[in-house]
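Visitor: Sequence:
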Amino acid sequence: MDDLFARLRGLLAEYKQPDEQETLFSEFDGNDELQKLLVQAFQQNEQVYRDVWIPYLRDHALWDFPLYECASFDELKKWQDMAPFAYFSLKPLGQKFSPKDTQQIARSPFSQRLRELHFASIFDLGTSDIELLARSRHLSNLHTLIITWNKIGIGGIVAIASSPHFSGLKNLTIIIRDFPPEGAKAIADSPFLSNLRKLHVCEFSGIRGRGIDDEGAIALAISKHLTGLINLNLGMNDISEEGIRWIASSSNAQGLKTLSLHSNRIGDGGIEAIAKSSNLPQLSALNVSDNYISTSGIRALASTSPPLLRHLDLSGNFICDEGLEALAYSKTIHMLEDLVVEGCCLGDHGIKTLANSANMATLKRLHLDKNKVGDEGLESLAYSEHTHELRTLSLSLNAVGTKGAKALAKSRQMRALETLILYRNSIEDEGIEALASSENMQNMRYLDLHVTGITASGVLAIAKSRYFSNLQTLDLSGNDVGDEGVIALVESKNMRNLRCVSFDRCNVSREGVKVLANSPLLSNLQRLELSGNQLDDDTIQMLKTSPHFPGSLDLRS
613 MDDLFARLRG LLAEYKQPDE QETLFSEFDG NDELQKLLVQ AFQQNEQVYR DVWIPYLRDH
673 ALWDFPLYEC ASFDELKKWQ DMAPFAYFSL KPLGQKFSPK DTQQIARSPF SQRLRELHFA
733 SIFDLGTSDI ELLARSRHLS NLHTLIITWN KIGIGGIVAI ASSPHFSGLK NLTIIIRDFP
793 PEGAKAIADS PFLSNLRKLH VCEFSGIRGR GIDDEGAIAL AISKHLTGLI NLNLGMNDIS
853 EEGIRWIASS SNAQGLKTLS LHSNRIGDGG IEAIAKSSNL PQLSALNVSD NYISTSGIRA
913 LASTSPPLLR HLDLSGNFIC DEGLEALAYS KTIHMLEDLV VEGCCLGDHG IKTLANSANM
973 ATLKRLHLDK NKVGDEGLES LAYSEHTHEL RTLSLSLNAV GTKGAKALAK SRQMRALETL
1033 ILYRNSIEDE GIEALASSEN MQNMRYLDLH VTGITASGVL AIAKSRYFSN LQTLDLSGND
1093 VGDEGVIALV ESKNMRNLRC VSFDRCNVSR EGVKVLANSP LLSNLQRLEL SGNQLDDDTI
1153 QMLKTSPHFP GSLDLRS
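Add 612 to a position in the sequence shown, counting from 1, and you land on the number used in my numbering.
Read the hints as simulated data drawn from the structure, not as lab findings. Hints should not be assumed to be uniformly reliable.
As the list claims (entries may be wrong) - Keeping only pairs whose Cα atoms sit at most 25 Å apart, straight-line, the calculated SDA-like set for lysine to any residue is:
no.	residue 1	residue 2
1	K964	D950
2	K888	S915
3	K836	S872
4	K943	H923
5	K976	E934
6	K984	S890
7	K976	K782
8	K690	Y627
9	K964	S906
10	K1015	Q1025
11	K782	F930
12	K782	G765
13	K1105	S1081
14	K712	E681
15	K689	S752
16	K888	S908
17	K982	L948
18	K797	S861
19	K782	Q866
20	K976	E988
21	K648	D614
22	K1126	D1166
23	K836	S906
24	K1022	H923
25	K690	N643
26	K763	I666
27	K976	A1028
28	K982	P919
29	K982	E1042
All chains, please: the whole structure from these sequences, using the hints.
Guide: Structure (structure tokens):
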């Protein structure tokens, strides 16, 4: 146990308590190494663990955030027995959840150690379940409550808003089929929700005319209690320009760092209100995708915008090359790290203008999917002197060909690129061979070549490439690479870092799977996709019984 305890002390010395804002912007992320160490020590010598480890760990005030995400209440009880000093997250599995589980959560003292409660896709969860939970004093330590895809209705929303036991909530997410304006009003009027830092309410039916609409948005904007919000997500709520003008002029918006308004109908007037607002000095992330915004609205945003804006999603708006040019020439948008302009009717001309802009110099992620970008557009990015920070480039469903891929391969400016998505572009073997032979691609971790016209020859180039040796995810779906491609990949010494690979619809037969089953590469994989190859059950069973088949492998066949 001494060596384990030494490791524990080392971990605690290095441990950094998660920043509150970090937890609001990401999903649960526990400390895997610490979890495994505690389990190992507990199993090795339970008595020493209880006598020495638990008192030692109690003295370290590091446990305000969840240590582990439990999938059932029984698992929660086991972890609390092993780590009574810690808080936990509970995310029950929907298909195994029943009303008895709700009663257990509401009535058990074990729930006092819950920081997060996440009901995802528990379709039978109803108003009475939420009312029972809202009355539970055992849930008073909750910081995060996430409820999605169920039928809690307005009664459930009111129960949450009316509960004094939920006064410690910092993160509230409710995504349900019917979220009327009255639900937003209940949240806005609740004195018990004054500690909220993140609020996400969504009407998921996708039907225009449903959601909290302007009435609900205005209620949130004028709330006397929602003064500390950092992250506000009101996507898919049928909010128009009027509702956004109230939010943009609200003092409640002054602390916002993230504002997501996707799939509403704010139009040019709404984006102009955001751009001109003096109440958004902290805003760094803005999502206004699918909002009927045109070039005119983008020009307004480009002329005056929140001063700290770093993440911008304009997807699904008719901004065209003229709108992209406005962003490129903007004197106020010059610190962007993420730009998402998927399905915005962009062509090579707009991309060329963007590539020549110094505003590109800080970009780390650029998503250009579903546009009309061709070889000329990609060439302009590849040869730009402003793309040296780019880590992610996504070009799905465009018109890039071999010529564009070759230009990218020659680009020393884009040596930092780690993620490249080329789904449904005609890259073909010649293009992937150019990329595979380029030292400029040596930082590549994620490569999506789904339906790009490559064959076994292209896969062989990847397999032989020492510059692709850092690849962790490779998607070859929809290409006729056959068994020859599979064999080339699994026999390569350069592919040892691969963790996820897709051979969906790749014309793979039993022969290719047999070689894969006998390869040590299989033991490194976390995800393997083989769907659409007409493989029989015996072939899949051969793979599963391989000595190299890891028990944790996510196999899609």
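Visitor: Against each hint, give a clear statement of whether it holds in the structure.
Guide: How the hints compare with the structure:
About 18 Å separates the Cα atoms of K964 and D950, which keeps this hinted pair within 25 Å; it holds. Distance restraint check for K888 and S915: the Cα-Cα separation of roughly 9 Å lies within the 25 Å cut-off, and the hinted pair is therefore satisfied. Restraint check: the Cα-Cα separation between K836 and S872 comes to about 21 Å, which is no more than 25 Å; the hinted pair holds. For the hint linking K943 to H923, the alpha-carbon distance of about 16 Å falls within 25 Å, and the restraint holds.
With a CA separation close to 23 Å, the supplied pair K976 and E934 stays within the 25 Å bound. Among the hinted pairs, K984 with S890 is inconsistent with the structure: their alpha-carbon atoms are about 36 Å apart, more than 25 Å. Annotation: proposed proximity of K976 to K782 is violated, straight-line Cα distance about 30 Å (limit 25 Å). At most 25 Å may separate the alpha-carbon atoms for a hinted pair to count; K690 and Y627 meet this at roughly 24 Å.
Among the hinted pairs, K964 with S906 is consistent with the structure: their alpha-carbon atoms are about 20 Å apart, no more than 25 Å. With a CA separation close to 17 Å, the supplied pair K1015 and Q1025 stays within the 25 Å bound. Between K782 and F930, the direct Cα distance comes to roughly 36 Å. Violation of the 25 Å bound is thereby established for this hinted pair. At roughly 22 Å between alpha-carbon atoms, K782 and G765 fall within 25 Å of each other, so this suggested pair holds.
The hinted pair formed by K1105 and S1081 meets the criterion: a straight-line CA distance of about 8 Å does not exceed 25 Å. Between K712 and E681 the CA atoms are separated by roughly 20 Å; this keeps the pair inside 25 Å, and the hint holds. For the given pair, K689 sits about 18 Å from S752 by alpha-carbon distance, which is consistent with the 25 Å threshold. For the given pair, K888 sits about 14 Å from S908 by alpha-carbon distance, which is consistent with the 25 Å threshold.
Proximity of K982 to L948 is assessed by CA-CA distance (about 21 Å); at most 25 Å being required, the pair is judged to hold. At roughly 18 Å between alpha-carbon atoms, K797 and S861 fall within 25 Å of each other, so this suggested pair holds. Distance restraint check for K782 and Q866: the Cα-Cα separation of roughly 17 Å lies within the 25 Å cut-off, and the hinted pair is therefore satisfied. Restraint check: the Cα-Cα separation between K976 and E988 comes to about 21 Å, which is no more than 25 Å; the hinted pair holds.
Proposed proximity of K648 and D614 is supported: the alpha carbons are some 16 Å apart, at most 25 Å. A C-alpha spacing of about 18 Å is found between K1126 and D1166, which places the hinted pair at or below 25 Å, so the restraint holds. In summary, the hint linking K836 to S906 is not supported, as the alpha carbons are separated by about 34 Å, beyond the 25 Å threshold. For the proposed pair K1022 and H923, the alpha carbon gap of about 28 Å is over 25 Å, so the pair is violated.
Distance check on the hinted pair: K690 and N643 sit about 18 Å apart at the alpha-carbon level, within 25 Å; holds. A threshold of 25 Å between alpha carbons decides the hint, and for K763 with I666 the separation of about 41 Å lies outside it, so the pair is violated. Among the hinted pairs, K976 with A1028 is consistent with the structure: their alpha-carbon atoms are about 9 Å apart, no more than 25 Å. Restraint check for K982 and P919: the C-alpha separation of about 29 Å exceeds 25 Å, so the hint is violated.
For the proposed pair K982 and E1042, the alpha carbon gap of about 23 Å is at most 25 Å, so the pair holds.
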